[in-house]
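Place chain B on chain A using the hints.
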Amino acid sequence: AQSVTQLDSHVSVSEGTPVLLRCNYSSSYSPSLFWYVQHPNKGLQLLLKYTSAATLVKGINGFEAEFKKSETSFHLTKPSAHMSDAAEYFCVVSDRSDMRFGAGTRLTVKP
Amino acid sequence: EAGVVQSPRYKIIEKKQPVAFWCNPISGHNTLYWYLQNLGQGPELLIRYENEEAVDDSQLPKDRFSAERLKGVDSTLKIQPAELGDSAVYLCASSSVPAGLRGELFFGEGSRLTVL
Numbered sequence: 001a002q003s004v005t006q007l008d009s010h011v012s013v014s015e016g017t018p019v020l021l022r023c024n025y026s027s028s029y030s031p032s033l034f035w036y037v038q039h040p041n042k043g044l045q046l047l048l049k050y051t052s053a054a055t056l057v058k059g060i061n062g063f064e065a066e067f068k069k070s071e072t073s074f075h076l077t078k079p080s081a082h083m084s085d086a087a088e089y090f091c092v093v094s095d096r097s098d099m100r101f102g103a104g105t106r107l108t109v110k111p
Numbered sequence: 112e113a114g115v116v117q118s119p120r121y122k123i124i125e126k127k128q129p130v131a132f133w134c135n136p137i138s139g140h141n142t143l144y145w146y147l148q149n150l151g152q153g154p155e156l157l158i159r160y161e162n163e164e165a166v167d168d169s170q171l172p173k174d175r176f177s178a179e180r181l182k183g184v185d186s187t188l189k190i191q192p193a194e195l196g197d198s199a200v201y202l203c204a205s206s207s208v209p210a211g212l213r214g215e216l217f218f219g220e221g222s223r224l225t226v227l
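Chains as they are written, first to last, in my numbering: chain A, 1 to 111; chain B, 112 to 227.
Bound conformation, chain A alone:
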């Protein structure tokens, strides 16, 4: 069985400051891990994915995430938040044929 826990339901940052969205996972196999973003009334879009290659993964819009097996974590970061980053972010764990989504973290960016 596998699961994913997003540690914060809501994160608020000021524009230009760093973003950290935390994700921990549990998996019986070597998992693939993803971050998806969902803007209001839009479909989910892939930000980045880890599939057992480099542990530091770079995605779109300046986001990156680091896979840490010892900590079973896959936290999402961005050095400088932009107003357009305000959205819901989902961490996803996948092994074999099963994909599990976290409950989501809502990111608010203040001017």
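Calculated from the structure, these hints are not laboratory results.
None of the values given here were measured: they were computed from a predicted structure.
Straight-line distance between alpha carbons at most 30 Å, and here's what the computed DSS-like set of lysine-lysine pairs gives:
#1 Lys68/A - Lys58/A
#2 Lys42/A - Lys122/B
#3 Lys126/B - Lys173/B
#4 Lys58/A - Lys69/A
#5 Lys189/B - Lys173/B
#6 Lys68/A - Lys49/A
#7 Lys189/B - Lys126/B
#8 Lys182/B - Lys122/B
#9 Lys126/B - Lys42/A
#10 Lys189/B - Lys122/B
#11 Lys42/A - Lys189/B
#12 Lys42/A - Lys127/B
#13 Lys110/A - Lys58/A
#14 Lys49/A - Lys110/A
#15 Lys189/B - Lys127/B
#16 Lys42/A - Lys182/B
#17 Lys42/A - Lys173/B
#18 Lys42/A - Lys58/A
This is chain B only, laid out in the frame that chain A set:
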């Protein structure tokens, strides 16, 4: 290239009425998913198709929910009769590889159902 298309975007019905959602995946994508997203929660898989075959429908409430993908392209998800608790967003996604190969999912914008 067109993305995943879903319709209707919004639907309001009274309880006990039927409702149907339609999804057209990205051309060439053999794997199609229907997800349920309740407010404040992540998507939960309802059913997954590989071509026209439903390979995972273990989470589909079969007493009132049904789905089909007759020609392995577009798909319909039906609820009959709808209950108040079915109010949610129904997401369709498609992928060019089977889920076991851990490919990217492409999502539609969803169909938001409100049951009164």
